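Protein sequence lines, in the order shown, are assigned to chains A and B. When the letters of the first sequence are read in order and numbered with the numbering used here, they come out as residues 132 to 488. When the letters of the second sequence are read in order and numbered with the numbering used here, they come out as residues 44 to 331.
What the hints contain is simulated information worked out from the structure, not anything from laboratory work. Remember, it's a predicted structure, so these values are computed and weren't measured experimentally. Ideal placement from N, C-alpha and C gives every residue a C-beta, glycine not left out. Be aware that a few hints might be false.
Claimed, not checked - Per the computed footprint, the stretches of chain B lying under chain A, defined by three or more beta-carbons under 8 Å from a beta-carbon of chain A, are:
id, region
1, 105-112
2, 123-132
Said to hold, decoys possible - FRET-style restraints, in silico, Cβ to Cβ:
id, chain 1, residue 1, chain 2, residue 2, range
3, B, ASP107, A, ALA266, 50 to 56 Å
4, B, VAL64, A, GLU305, 51 to 57 Å
5, A, GLU196, B, SER159, 54 to 60 Å
6, B, GLY233, A, GLY400, 56 to 62 Å
7, B, LEU242, A, THR135, 35 to 41 Å
8, B, SER159, A, LEU200, 52 to 58 Å
9, A, GLY270, B, SER159, 48 to 54 Å
10, A, ASP327, B, TRP63, 57 to 63 Å
11, B, PHE75, A, GLU305, 57 to 63 Å
12, A, ARG241, B, GLU101, 55 to 61 Å
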Amino acid sequence: MTITVSQVTKRFGSFLALDAVDLHVRSGELLALLGPSGSGKTTLLRILGGLDRADTGSITFFGEEALGLTPRDRQVGFVFQHYSLFRHMTVHDNVAFGLDVRPRKDRLTRAEISEKVTDLLELVQLAPLADRYPAQLSGGQRQRVALARALAIEPKVLLLDEPFGALDAKVRKELRRWLRRLHDEMHITSVFVTHDQEEALELADRVVVMNSGRVEQVGTPGEVYDQPASPFVYDFLGNVNRFECMIRNGEARLSGLSLTVPATAIAPGPAVVFVRPHDVELVPCDGDAGAGLPRARVRHIFSVGPTARVELDIEGHPLEAVMDQDRLRSLNVHSGNWYAVRLTRPRLFGAGTRELP
Amino acid sequence: MLSKAAPRHAERPVLRDPLWVRWSLTALALGFLALFVLLPLLTVFAEALRQGFAPYFEALAEPDALSAIRLTLLVAAIAVPANLAFGVAAAWAITKFEFSGKSFLITLIDLPFSVSPVISGMVYVLLFGLHGWFGPWLRAHDLQVVFAVPGLVLATMFVTFPFVARELIPLMQSQGTEEEEAAASLGAGGWQIFWRVTLPNIRWGLLYGVLLCNARAMGEFGAVSVVSGHIRGQTNTMPLHVEILYNEYNFVAAFAVASLLALLALVTLAAKSVLEWRWGEDVSGRGH
Chain A
132 MTITVSQVTK RFGSFLALDA VDLHVRSGEL LALLGPSGSG KTTLLRILGG LDRADTGSIT
192 FFGEEALGLT PRDRQVGFVF QHYSLFRHMT VHDNVAFGLD VRPRKDRLTR AEISEKVTDL
252 LELVQLAPLA DRYPAQLSGG QRQRVALARA LAIEPKVLLL DEPFGALDAK VRKELRRWLR
312 RLHDEMHITS VFVTHDQEEA LELADRVVVM NSGRVEQVGT PGEVYDQPAS PFVYDFLGNV
372 NRFECMIRNG EARLSGLSLT VPATAIAPGP AVVFVRPHDV ELVPCDGDAG AGLPRARVRH
432 IFSVGPTARV ELDIEGHPLE AVMDQDRLRS LNVHSGNWYA VRLTRPRLFG AGTRELP
Chain B
44 MLSKAAPRHA ERPVLRDPLW VRWSLTALAL GFLALFVLLP LLTVFAEALR QGFAPYFEAL
104 AEPDALSAIR LTLLVAAIAV PANLAFGVAA AWAITKFEFS GKSFLITLID LPFSVSPVIS
164 GMVYVLLFGL HGWFGPWLRA HDLQVVFAVP GLVLATMFVT FPFVARELIP LMQSQGTEEE
224 EAAASLGAGG WQIFWRVTLP NIRWGLLYGV LLCNARAMGE FGAVSVVSGH IRGQTNTMPL
284 HVEILYNEYN FVAAFAVASL LALLALVTLA AKSVLEWRWG EDVSGRGH
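Sequences and hints are given; from them, build the entire structure.
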């Protein structure tokens, strides 16, 4: 089931939620719509599911125009952020709902429905709780009921709105892996919305990064993380050090710093340079390796788990570095120590690229 | 100290008032209730049974009294279902859809609360009375509204108009439209969504609203008094019948009929308490 979105625009009053969005969802893939709140990702998902209407543009499901179709005809399963389970129905009846409301001629018999519901509840590991009410379930269990309910109608596309947003961190991780396994088994075309970059990068086959109603970049998790197409994507995915700079003679001079990075493939003028914290290398000042490099002083060390985060002060500007514990020990990093700094993989964006919000 | 402090307000030292304050406030409240609510209620029953059970039941079995009871039940049987349907429709429209004129509709629903019942009765006389706007037309077609059952039903409906809608709107607002959206995404049509999702979620609040609506419909005096014409055995409802009997110094009969209305009030209160105790969150809209 492929979905093609072309030039879809949606306004809420004077707020432009979606600005001529183009998107192609491949058959069987797990696609993440990633962006900050207000970026239009949930609006796009709701339009895909037929819960909202687009002002202009078109959406085709497998080549067939879908904007005029009701949710029923689109055959999409929608999993809501706050589950939206029917509070007066048992888990069993919640999952059976989509089958119960079918027109009589398409409806399965009571026994067939019951059997199918039982199978689905086993799939989501909730069979013993079939007679419970939603209020008697934990957040993770409710989420799985919502998923089983959406799967019951045998949707061609599964849409999930912040599927793990309301769960605590541990449950979220478990459920995330479980959903990935489920997708690998069922191969149902799925689109999920998230504002959590870690979730998008870990779970999705491809990631759509959205900002202010536009698509910034589409790519595999590796592509969007390693080759961000815009300053926004670079900034949004992971921690980052950001410096204003001026490009002249194939060299970018960082504003207010005696630091330059090579800039060959970019036009002269003002630009922005980004460096990931794990691309900031600390070198002892006393050796030859540190000669000619700018100096920075350690302000603070956050050392929990396998990596340590080091906050530095470089000529009055903050700079963040991340390294593993072995490196931290071998360098003997302590607050107040001075180090030479090398930026191993700086990324430059010229003035022509889209600005940060 | 901290470990002992339960999260109940009464046990928080800061909120603990001197004993005499608590006692005098409680006594004041109870005394007020006894004097203004309990005593009159007891008086109704005491006066009704002053001469024993025989005259009490005789007064109730009297043809005019029976006719008043029948008429009251008839009026309530038409007005309450009508306002049930209207209340659900209005609350549904107001809470689940966006449309212009919404705040005007909400104001309109509240109108009967703010208008004196006598005025509402007068309006119907002015509209449908002999010299009213539609009077001549109605007479030409041999239809009688004022001083007949249709007038009583109209006046009662007007007065009890807000009860169901007012009860449902906050409840449905708090429940939002998420479950309806979920049902739509699962392929349910409009009617299926209403019967299977919306209605079950509001059923206890709805029952509560209907109870209140019914109590008011049966007990309404002012509006009904204006449009009734007070024809004994024909257009007298129970409250009007009580007034007539009382004005004729027939106290036992007056209080006997009044005691039925008082009983209705007590049953309504009891049912309301049970609903609130059993399904408190669903009734009041404070849940979830």
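The hints, checked one at a time:
1. 105-112: violated (count 0)
2. 123-132: Since 0 is below three, the answer is violated.
3. B/ASP107 x A/ALA266: 50 to 56 Å: Check passed, 53 Å falls within 50 to 56 Å.
4. B/VAL64 x A/GLU305: 51 to 57 Å: holds (55 Å)
5. A/GLU196 x B/SER159: 54 to 60 Å: At roughly 59 Å between Cβ atoms, B/SER159 and A/GLU196 fall inside 54 to 60 Å, so the hint holds.
6. B/GLY233 x A/GLY400: 56 to 62 Å: This hint holds: roughly 59 Å between Cβ atoms.
7. B/LEU242 x A/THR135: 35 to 41 Å: Holds: the Cβ-Cβ distance is about 39 Å, inside 35 to 41 Å.
8. B/SER159 x A/LEU200: 52 to 58 Å: holds (53 Å)
9. A/GLY270 x B/SER159: 48 to 54 Å: With a Cβ separation near 52 Å, A/GLY270 and B/SER159 satisfy 48 to 54 Å, so the hint holds.
10. A/ASP327 x B/TRP63: 57 to 63 Å: Distance hint for A/ASP327, B/TRP63 holds at roughly 58 Å.
11. B/PHE75 x A/GLU305: 57 to 63 Å: Holds - the Cβ-Cβ distance for B/PHE75 and A/GLU305, about 59 Å, lies within 57 to 63 Å.
12. A/ARG241 x B/GLU101: 55 to 61 Å: This hint holds: roughly 57 Å between Cβ atoms.
Hint violations for this structure: numbers 1 and 2, all remaining hints satisfied.
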